[in-house]
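Number of protein chains: 2
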Amino acid sequence: MFKKILYLLLLCLSTKTFADDGYRLWLKYDLIKKQQERESYARLTKFIVVNSQLDIIKTASIEFQSGLKGLLGKSVPVVTSSKSTGGIVFQLSLNKDLNEEGYSITSQNGNIVINANTEKGILYGTFELLRNIQTGKSLANISIVSNPKIQYRMLNHWDNPLGTIERGYAGSSLWKWYELPENIDPRYKDYARANASIGINATVVNNVNASARFMTKEYLLKVKALADVFRPYGIKVFLSINFAAPKILKGTKTSDPLDPQVRAWWQAKTQEIYSIIPDFGGYLVKANSEGEPGPQDFGRTHADGANMLAEALKPYTGVVIWRAFVYKPSSKDDQKGDRYKEAYKDFKPLDGQFDKKVIVQVKNGPIDFQPREPFHPLFGAMPKTPLAMEFQITQEYLGFTTNLVYLAPLFKECLESDTYVNGKGSTVAKVIDGSLHDYQLTAIAGVANTGSDRNWTGHFMSQANWYAFGRLAWNHELSSEQIADEWVKMTLSHEPKTVKTVTKLLIESRENYVNFTTPLGLHHIMGQGIHFGPEPWLMKSDRPDWASAYYHRADTLGIGFDRTKNGSEALLLYTSEVQNQWNDPAKTPLPYLLWFHHVGWKTKLSTGNTLWDELCTRYYTGLASVKDMRKQWDSVKPNIDKEIFEDVAGRLAVQEREAIWWRDACVLYFQQYSKMPIPAQFPKPERSLEEVKKLVEIYQLR
Amino acid sequence: MFKKILYLLLLCLSTKTFADDGYRLWLKYDLIKKQQERESYARLTKFIVVNSQLDIIKTASIEFQSGLKGLLGKSVPVVTSSKSTGGIVFQLSLNKDLNEEGYSITSQNGNIVINANTEKGILYGTFELLRNIQTGKSLANISIVSNPKIQYRMLNHWDNPLGTIERGYAGSSLWKWYELPENIDPRYKDYARANASIGINATVVNNVNASARFMTKEYLLKVKALADVFRPYGIKVFLSINFAAPKILKGTKTSDPLDPQVRAWWQAKTQEIYSIIPDFGGYLVKANSEGEPGPQDFGRTHADGANMLAEALKPYTGVVIWRAFVYKPSSKDDQKGDRYKEAYKDFKPLDGQFDKKVIVQVKNGPIDFQPREPFHPLFGAMPKTPLAMEFQITQEYLGFTTNLVYLAPLFKECLESDTYVNGKGSTVAKVIDGSLHDYQLTAIAGVANTGSDRNWTGHFMSQANWYAFGRLAWNHELSSEQIADEWVKMTLSHEPKTVKTVTKLLIESRENYVNFTTPLGLHHIMGQGIHFGPEPWLMKSDRPDWASAYYHRADTLGIGFDRTKNGSEALLLYTSEVQNQWNDPAKTPLPYLLWFHHVGWKTKLSTGNTLWDELCTRYYTGLASVKDMRKQWDSVKPNIDKEIFEDVAGRLAVQEREAIWWRDACVLYFQQYSKMPIPAQFPKPERSLEEVKKLVEIYQLR
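Chain order of the listed sequences is A and B. Here this note's numbering is used: the first residue of the first sequence is 4, the next is one more, and so on. Here this note's numbering is used: the first residue of the second sequence is 4, the next is one more, and so on.
Misleading hints may appear alongside valid ones.
Identical copies carry no separate label here, and so any pair may be met within one copy or between two of them.
In the DSS-like style, the derived pairs of lysine-lysine whose C-alpha atoms are separated by at most 30 angstroms in a straight line are [what the hints assert, rightly or not]: (1) Lys220 <-> Lys687; (2) Lys645 <-> Lys61; (3) Lys31 <-> Lys227; (4) Lys348 <-> Lys507.
By construction, these hints were calculated from the structure, which means they are not laboratory data.
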């Protein structure tokens with residue numbers, strides 16, 4: 004026996020179990036090191052009482068068993084009833100303090116009871132209990148009541164049929180369409196587990212720039228295979244649709260939403276989908292945006308298009324999620340033209356015209372997932388239309404997978420912004436969770452950062468962004484620090500100094516990134532071709548509002564986009580209280596200054612610096628902060644798995660290189676206009692402007 | 004202690020060490036089950052005598068130690084000298100029976116001595132010795148002398164800078180260009196290990212449709228980081244070049260190879276490359292092919308272009324590998340026009356005009372990696388020019404990653420083809436290995452099937468194609484069976500029935516694939532957009548020679564491409580002996596019949612069937628063989644790792660579905676011309692022609 008164990012052990016060793024490749028995410032379930040701790044948990048988890056055969060309940064008990072097997076190194080029996088104490092009880096029973104997916108976890112006469120109204124609540128409660136053990140919390144007198152604040156907590160995958168991912172940087176798509184439906188990659192299940200563990204209950208598996216092939220039976224059967232894997236984890240599948248699908252698939256002569264044949268086509272298609280996937284979630288639509296087809300191609304409105312799909316979905320539980328990310332090129336002679344205003348112009352007038360089954364999905368900011376944006380003016384402006392939040396988890400504009408940027412602070416900043424539409428405290432979060440306008444449907448979406456890379460997200464630390472999105476989707480009142488602390492303990496280490504250091508690293512990372520790329524409210528000055536590196540010098544593009552100069556408007560007088568009534572008037576889209584925050588350049592918080600004002604180079608800022616000096620200071624300190632991040636990371640080396648440590652250390656080194664480009668590019672480019680010297684305390688840039696331009700060009704070559 | 008071990012073990016179990024995800028390829032080093040066997044090997048491997056500090060020798064000893072740690076579950080000490088017996092001795096000493104990379108393994112007074120002229124020989128000998136243990140061979144009185152028959156044994160990666168792979172189906176590129184040079188993915192090393200273990204000593208890391216960015220210092224430093232990882236495994240890095248790079252990178256006004264400034268640019272660039280990568284392998288060039296730039300853009304010949312690069316490489320060890328894959332569209336009024344002849348027309352006249360440093364790389368067949376092609380007419384036709392073989396390991400035309408197709412028989416079929424240029428026995432293999440024309444440079448390339456998928460190749464069984472390529476590159480006299488047997492034992496199981504069954508499965512798989520896709524010499528009738536599925540009905544494409552009809556020429560009289568003197572005359576490019584094999588439709592072996600002849604539907608074939616009946620029979624039996632493959636695979640289930648078994652079983656199910664499409668599509672389409680019934684013994688097709696067309700269309704949609 005002993006010999007056998009030794010051999011097995013050698014086998015384990017020989018396959019390098021101990022180098023952590025990050026595949027297990029925050030569900031590691033590694034053995035708790037302190038025997039005492041293990042035993043104290045073991046005393047409270049002697050058995051699981053389960054008296055339901057529901058698949059999702061089964062999922063919960065299996066997950067709990069494998070969790071404890073890992074964490075405590077022991078097997079926990081599942082029983083249907085028990086008189087004794089020291090066990091876990093799954094209690095599926097009516098509880099009016101809980102909504103459909105909520106749960107409570109309480110100590111009741113010697114047992115820990117997970118109570119919920121539905122099997123999904125039990126599943127989420129089970130993961131909560133596991134999380135408590137993973138993060139080392141005491142279970143004695145545990146008393147938790149938790150309800151998700153938002154109904155649809157979803158990932159949007161911008162995954163294409165041939166396996167590429169638009170704005171994906173972590174390998175290719177998780178979905179192997181050629182192999183489906185017959186071959187089921189075991190990874191599909193691990194994907195579902197990870198999402199369920201953080202409360203994500205919906206996923207859109209295909210790109211919003213959608214292929215019509217997903218509306219064919221051939222592909223619906225593939226999607227069904229995924230839905231069958233996700234269902235036991237409480238996850239519903241949605242599909243992005245190509246609005247022109249009826250015509251593309253030769254079902255109709257047009258795709259006009261008011262054409263009876265088109266309406267009939269969508270009704271028949273929807274019926275077919277539900278015959279294949281009975282719990283299908285619904286449609287996500289990118290229409291009349293960036294070249295995609297839509298109702299406006301036929302002189303109809305977004306409401307006409309969305310309502311047609313809602314009509315098709317009427318007999319079913321599904322909903323229509325219609326994206327508000329639209330921006331017509333503003334006409335040359337329109338002096339007030341500003342991409343900032345486009346979505347508002349199109350959608351605000353439609354408030355009240357959408358079917359009850361329609362949700363309008365709005366990006367957090369008015370431009371496009373920049374490192375920092377003001378909240379989107381549509382939030383609060385459509386009281387009669389459920390608005391969903393669209394965040395981007397994949398780091399399209401935040402350094403791909405070579406920059407450590409923890410996004411919870413970005414998400415929170417937007418959610419906590421006050422729209423003032425119903426007076427103080429009318430936060431974006433309250434718009435999204437429906438409490439402000441009493442929406443009957445609520446949703447929040449994150450554009451996924453997952454891919455086929457072994458660690459799922461490319462940059463190991465980007466796993467924290469997937470995690471944070473899910474946790475905030477469930478409860479937007481959690482703090483960024485709280486979520487970071489949880490994630491670090493579940494994923495990296497329990498050693499107090501390490502937890503403290505890495506949490507701090509995460510919390511500060513986003514502001515650091517803003518500082519060395521787009522400080523003081525600069526935006527959209529990155530390399531155009533692939534949204535990589537700096538390109539503030541781009542004066543022209545296929546569209547004026549794709550060029551950097553359109554946004555920074557640097558000239559010999561100053562820099563920044565005047566969006567006040569003297570400028571594009573975009574600021575007028577907000578309530579007067581919000582306008583007052585940002586109207587006066589002297590009072591505008593520095594993070595938003597150049598979003599709304601064209602400011603003179605020599606203007607003195609609240610920091611005491613001139614604008615030019617402050618701009619330089621931000622770029623230089625931004626770079627310094629990256630060097631500091633590397634020091635902080637090095638300091639925790641002894642407590643981090645070697646493979647993970649090396650990977651993050653390597654990427655931080657790349658980040659420093661990129662930060663130098665950004666600083667050199669922006670400081671030298673804008674200096675051409677300011678004609679002012681770089682403050683004396685800072686060293687010279689490492690490269691000439693020409694040299695940085697060349698570097699960025701290289702990355703745009705075929 | 005015991006308790007600790009138990010916990011460690013639980014940890015291993017909790018991370019599922021036992022489900023095999025295929026990552027370890029054929030280097031599993033799992034513990035040998037029979038204790039007796041382990042001990043008998045252990046008696047002969049008590050220590051390793053190493054008295055060299057060369058990196059590659061270090062690689063060999065480390066690999067041998069970790070191999071034995073896994074296989075025998077014991078640590079083997081490395082010593083610098085030993086009087087005792089029962090050990091392994093690395094002996095670096097002159098041996099005239101061995102070429103530069105060859106090795107001998109012999110029992111000498113109680114030790115096993117690996118002897119070689121260079122450290123690379125020791126490395127290859129070490130892997131040979133490990134392979135002997137992995138495949139259960141006895142080491143008693145071992146006596147092996149092995150020399151690679153070809154100098155450059157290389158992989159060609161068609162990997163693009165942004166991570167996509169042209170014709171790659173196993174995820175995204177292994178090379179993380181954004182992260183390089185700072186971040187070194189541990190996988191780079193495992194890639195090098197796998198290649199070294201089968202004797203591959205060179206790799207071209209970027210696509211032949213090359214980005215000029217690889218000629219910039221920014222990227223050369225990234226390539227250097229890879230070269231540094233590969234070097235200790237005896238692998239040299241090559242780069243594909245964009246012939247217009249001097250102009251694209253604004254170094255010159257033209258890229259004319261005879262322009263002095265252009266020649267100077269390449270000389271300076273080459274010098275720069277060697278200053279960064281001292282053992283750089285050289286350049287691979289796709290010129291004037293499928294839109295790529297080349298010397299003909301300036302009225303120069305391929306020789307002019309290649310010789311310019313050779314001149315730049317003159318001071319260094321590197322070589323130029325120039326691809327012969329070119330095919331101008333033959334002019335409408337050229338009645339004899341045939342893509343088959345294009346490369347020959349361009350290159351044959353240049354024989355003798357290439358610099359000594361130039362190798363011309365020729366695809367195995369005259370068209371493009373079809374499931375079966377006659378050998379390329381250039382083989383044997385350029386005695387003064389070293390010709391390299393280009394095989395395709397990735398299954399562009401052989402079912403991507405959803406079809407089990409073992410390619411060794413395809414490779415062997417070409418290598419063993421007799422060109423008769425110097426009389427009988429003038430095989431293609433002898434052209435490639437230089438023995439026929441006394442080439443001073445020899446090379447063989449395989450277009451890689453590797454990607455970021457965990458198991459490297461998507462279809463687990465496709466690992467065997469990577470393995471087989473390497474083994475044949477080293478010794479083209481190995482049989483397909485021998486290689487399959489080795490691979491199965493190293494990768495899947497030692498259980499005799501399993502080895503026999505899976506080996507048979509592999510050996511028959513390629514002919515099965517030919518039968519249900521392109522039997523009797525049909526070729527290039529697949530879906531054009533992505534080379535997926537059947538599309539024999541394609542009459543027109545952007546180029547006539549991209550359309551299916553161009554190749555099958557089906558009409559009411561018959562089917563096939565007459566390439567005799569009455570047709571395109573392509574057959575006349577071969578020696579008379581070869582012509583005689585294929586000249587007479589009555590005598591032409593059936594696998595090549597429709598490659599060279601337009602045959603009447605009712606023509607009786609050697610099988611006794613009419614052409615039409617034989618065609619139907621092949622498509623139907625091809626499908627039947629897939630069903631049988633599934634049965635064979637199911638029969639070995641008890642002896643195969645569960646995860647691997649399920650994955651292959653799932654893909655075989657997909658393969659059956661695709662085989663049905665092919666059969667239905669081709670039988671029904673050609674029946675429109677033959678106007679003859681499907682032989683009575685066969686069931687009706689499952690779909691109408693319209694239905695299959697629709698299916699294929701779906702997979703070609705955006």
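- request: Would you pick out the hints that fail for this structure and give their numbers low to high?
  value: Hint 4 is the one this structure does not satisfy, whereas the remaining hints hold.
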